[in-house]
Amino acid sequence: MSTHAAITTAGLAKTYRVGFWGRRVLALQETTLSIAAGQIYGLLGPNGAGKSTFIKLLLNLIQPTAGSALVFGRPPTDAEGRAQVGYLPENPTPYEYLTGAEFVRLAGVLAGLRGTELEQRVTEVIGLVGMSGAAGLQIRRYSKGMTQRVSLAQALVAKPKLLILDEPTSGLDVLGRQLIREIILEQRRQGTTVLLCSHIIPDVEALCDRVAVVIGGKILKEGSVAELLEQDASGVELTVSHVDEATVNAMTSATVTASRLGERWLLRLDEGQSPAVLRRVLDAGGRVVHLQRTRYSLEDLFVRAVKESGRSVGSTVE
Amino acid sequence: MRARAILALALNGFRESRRNRVTVVVFAFAFAMIFLATFALGFTVATFERVLTDVGLGVMGIITAVLTVFLGVGLIPKEIERRTIFMIVSKPIRRSDFILGRYLGNVLTIYAIVAMMAVLFYAQVLVEGAPLRASHVVAAFGLMLEATLLSAVAFAFAAWSSQFVAGVATIGLYFLGHMAGDLFRMAERQTEPFAKLVMKGMYYVLPNLGRLDFKLRATYDDATSAAELLGATTYTLAYTALLLTIACLTFERRDFK
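Quick mapping for you: the protein sequence lines, in order, are chains A and B. Residue numbers 1018 to 1335, in the numbering used here, belong to the letters of the first sequence in order. Residue numbers 96 to 352, in the numbering used here, belong to the letters of the second sequence in order.
For the record, the hints were derived by calculation from the structure and aren't laboratory data. A portion of the hints provided could be inaccurate.
Straight-line C-alpha distance at most 30 angstroms; calculated DSSO-like pairs for lysine-lysine [claimed, not checked]:
hint	chain 1	residue 1	chain 2	residue 2
1	A	Lys1161	A	Lys1176
2	A	Lys1238	A	Lys1178
3	B	Lys352	B	Lys173
4	A	Lys1324	B	Lys352
5	B	Lys295	B	Lys310
6	B	Lys295	A	Lys1235
7	A	Lys1178	B	Lys352
8	A	Lys1324	A	Lys1238
9	B	Lys352	A	Lys1161
10	A	Lys1176	B	Lys352
11	A	Lys1161	A	Lys1178
12	A	Lys1324	A	Lys1235
13	A	Lys1235	A	Lys1178
14	B	Lys352	A	Lys1238
15	A	Lys1161	B	Lys173
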């Protein structure tokens, strides 16, 4: 059993030069990260945030400007090391003149499979992604969802220890998305590490053990989903009734907000203010219907991180 | 492992050309040959055999050159543009395996097409009652050598540049390569030492495609010695190896954005 983390990066950065004047685009800025083996790790970020750049650096598709990366202890330039990695790119475009089975077979051969094992794995993974019925058709006849499925099959064919999925559910219908989610969870059960890059927040929230929020080429937040949501859950939600509007308005401020729910009021406030607000409500003859810590979703966290960063899309241009 | 990956990519490239109907050029050649032979028959009497050989091999040469440039310069940039390459070079193979595999697939396709065109040409020669000579076979072999080298030129440019740049550069070198002999003769006549040096330098550096061209000899049934053929083959293989090394080295450092 390998003792290496699945992915380790130290100060990993990528800068592109674009345009006539060679302006510097900081696609990824000094990223230091360690992703333990056996978990589903999510990279969450808006378009152009640097997620795909990070993945390409891990796969030696681009060379880093600074820093280093290791995949199971081996640098991305080590071709043999990539035998442990399966990769599904964003909007994959496999060779359209091949049939689905031929393309997966080619991927298997390139990954080092041969003979009976190759044929068995091709049949298995094509079945796994629900493409057995269309495996003999040329890919040019596939829908986007079918292309996505067969591309996932090529990533799985050599039983990778690390599965890198870049927007795996994009373009899929509900059933397709459900299938991909099940495959990802099954891969984790089998001990595979999954690096899931997505801007579909419900997918990340439902699947990932840990998440990094990437914006403008930087990791702004990193941790387990529970930790991240806990960090931001410093507020309290108070539902009250039998309180008139004037009393409620007197309590509202920059840190206490109120919204009407029929006969009731929902007050959102910082945890430290809750004793004083509760006292005022009770003194005014009001009743407390419900009191709970504010529950943030990953989407709330993400939107807040984007707002704090001051950018919604793209890399940093110097 | 490397050999298997290269072979898989080569066979895949061959399959790509077949399924994308590249072989349709053979049918175009067949029609061109029938038409031109009929045309030539009407205008020539004594030199019919020469005209038939000249036209047949000439058309084969043009088709081979166009096909070699078209396939050679487009293959890598197209894979990068479509991002198909992401799923291939992220596998446990070296980028040089990709270049070599795709190159072999490309030349295999061109060899097959040259062979098919040659068979059609020989059949035409026999149908018209002319003798089939060894020089005809040598000329077709020369076309294969030229395709081998020109394809490597295309790959050497396409490994680091766009399809347009690679196309212009390869076509330019094709014409310069066929004028290499003239360049040497011009250098010999030069009185200016610097110009002489530059011209001779270009002669030695540029691929000498004239050395691989046996079409005119076939027209006049001028025999080619085994030593000449061996020299041309060795020259082609050495130059091709050099160009593919350059292609592999530059491709190794290329970013796929």
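Verification of the hints:
no.: 1; hint: Lys1161(A) - Lys1176(A); result: holds, 24 angstroms
no.: 2; hint: Lys1238(A) - Lys1178(A); result: holds, 26 angstroms
no.: 3; hint: Lys352(B) - Lys173(B); result: holds, 14 angstroms
no.: 4; hint: Lys1324(A) - Lys352(B); result: holds, 27 angstroms
no.: 5; hint: Lys295(B) - Lys310(B); result: holds, 25 angstroms
no.: 6; hint: Lys295(B) - Lys1235(A); result: violated, 55 angstroms
no.: 7; hint: Lys1178(A) - Lys352(B); result: holds, 25 angstroms
no.: 8; hint: Lys1324(A) - Lys1238(A); result: holds, 13 angstroms
no.: 9; hint: Lys352(B) - Lys1161(A); result: holds, 22 angstroms
no.: 10; hint: Lys1176(A) - Lys352(B); result: holds, 27 angstroms
no.: 11; hint: Lys1161(A) - Lys1178(A); result: holds, 27 angstroms
no.: 12; hint: Lys1324(A) - Lys1235(A); result: holds, 14 angstroms
no.: 13; hint: Lys1235(A) - Lys1178(A); result: holds, 26 angstroms
no.: 14; hint: Lys352(B) - Lys1238(A); result: holds, 25 angstroms
no.: 15; hint: Lys1161(A) - Lys173(B); result: holds, 20 angstroms
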